[in-house]
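Participant: Chain by chain, the residues:
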Amino acid sequence: MAKARALEKRRGSIRNIRKITRTMELIANAQFKRAMDRVTAASAYTQRITELVDDLAHSGLDVSHPLLEQHPETDRAVMLVLTSNRGMCGGDNGNIFRVAFGQYEHIVAEVPNVEVEVSGKRGISALAYRKIELQKTYTHFENQPSYKDVEAVANGLMDRYVTGEIDRLDVVYMKYLSSSKQQAVAETLLPMGTLGEDQSELDRGVDGSGYEFQPSVESILEEVVPTSLRVQLFKCFLDSAVSEHISRMVAMKGATENADEIIRQLSMAYNRARQSQITNDIMEVIGGAEALKS
Amino acid sequence: MSLMLCHRAVDHLQNGTRIMASLRCIVVTPEKTVLDAKTDFIALPLYDGEVGIAPGRAPLIGRLAYGQMRLRSGDTVDRYYVDGGFIQVTGNVVTVLTNRAVPVAEVDPIAARQQLANALKLPASTPELEGIRDRAVAQARGQLSAARAAS
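So the sequence lines, in the order shown, correspond to chains A and B.
Numbering of the first sequence is given in our numbering, commencing with residue -5 and proceeding in unit increments.
Numbering of the second sequence is given in our numbering, commencing with residue 227 and proceeding in unit increments.
With a straight-line cut-off of 27 Å between C-alpha atoms, the simulated DSSO-like cross-links for lysine-lysine are:
hint : chain 1 : residue 1 : chain 2 : residue 2
1    : B       : K347      : A       : K130
2    : A       : K27       : A       : K142
3    : B       : K258      : A       : K27
4    : B       : K258      : A       : K229
These are calculated hints, taken from the structure and not from any lab test.
The following block holds chain A by itself, in its conformation from the complex (with noise of 0.2 Å):
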């Protein structure tokens, strides 16, 4: 019987991890679609964000700001790197540290200073590993960023970058490009070059000279230059948080197919240890009984 038993507990102990794993793909699940929904949501700004830049590049301006400008040289570098906080989601924080690495070592060719900034506790833990120095961690990012956080680390870079402390910002994360893509990516926000690819499309229809302009192009430029560089960072945090939940969707799914095929398998060699078991026990009663007629 010790055979038996010793698969019996086996089969029980799969089974209790089959329910963990089925029930994380469940939140995962839930939890992509409370994503998607906020990622839907910023998307509506950014196009509105994009119009208004439309509108404006139609008045016939000269896009100048600081933050659209190169530094003239090139000192200090920030590379902010965007993992998540929980393992169990497959290759996401692999394939972001697989990318951060190399655009790190890319990074400190080129620049003398290199700071790393890193959001997430695996990437911390990698990245120390690696024995890469971290000026920065945050850990507050969780399933869901707001926007209010996001804005906060940006407005931080941005002055830095105004003030002529920081000359370049690299963002690494994990780029959302449809439920079944994603790709880790390294960005360059800042220096931002131009205002998205927009300028080229001007054919809009509505002619942005019919508005009025209050207090006047140049202040409008001036807010919206910071704002669309914030949006784009809001924007890498909520790609990579759906990203790290598709991962773990799919990850949580394979376990839990896996843990349904060595159960079947367990289960079926149970029952077999289970009847030779019976056929022996029977064999012996025969065997006994024989014995004693005789």
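Go by the hints and put chain B onto chain A.
Facilitator: Same frame as chain A, but now just chain B:
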């Protein structure tokens, strides 16, 4: 005769707009669409002073300051605190793009006072730093005045 007709048409048009006159106000923040409502009149804090918008206003793009936005429909006035951003008026649709929009009652005056005190302590030795400080001060003062309007 044709002139009279023309006049009558204009009268009709004006009456028509007056009867169905209402603005559609959409307030969008990066996190969600806070408000999408019909209203009669909107007052907003622009960067260089307050602007009032009634139905039929000419198209406008404006830069918002920190302060309270008032929406009047009938006899009721709703007050919100808006945290910078932009306003776009096209036709009778007013789109407010802001970082944060909350009813004034939800603005915390104690936190705002604290923020003002912190902001005033910021250095202002270079033009850039001065700009950063001015923004922080304006934001704190806007919150304070909005909170005052609530009480």
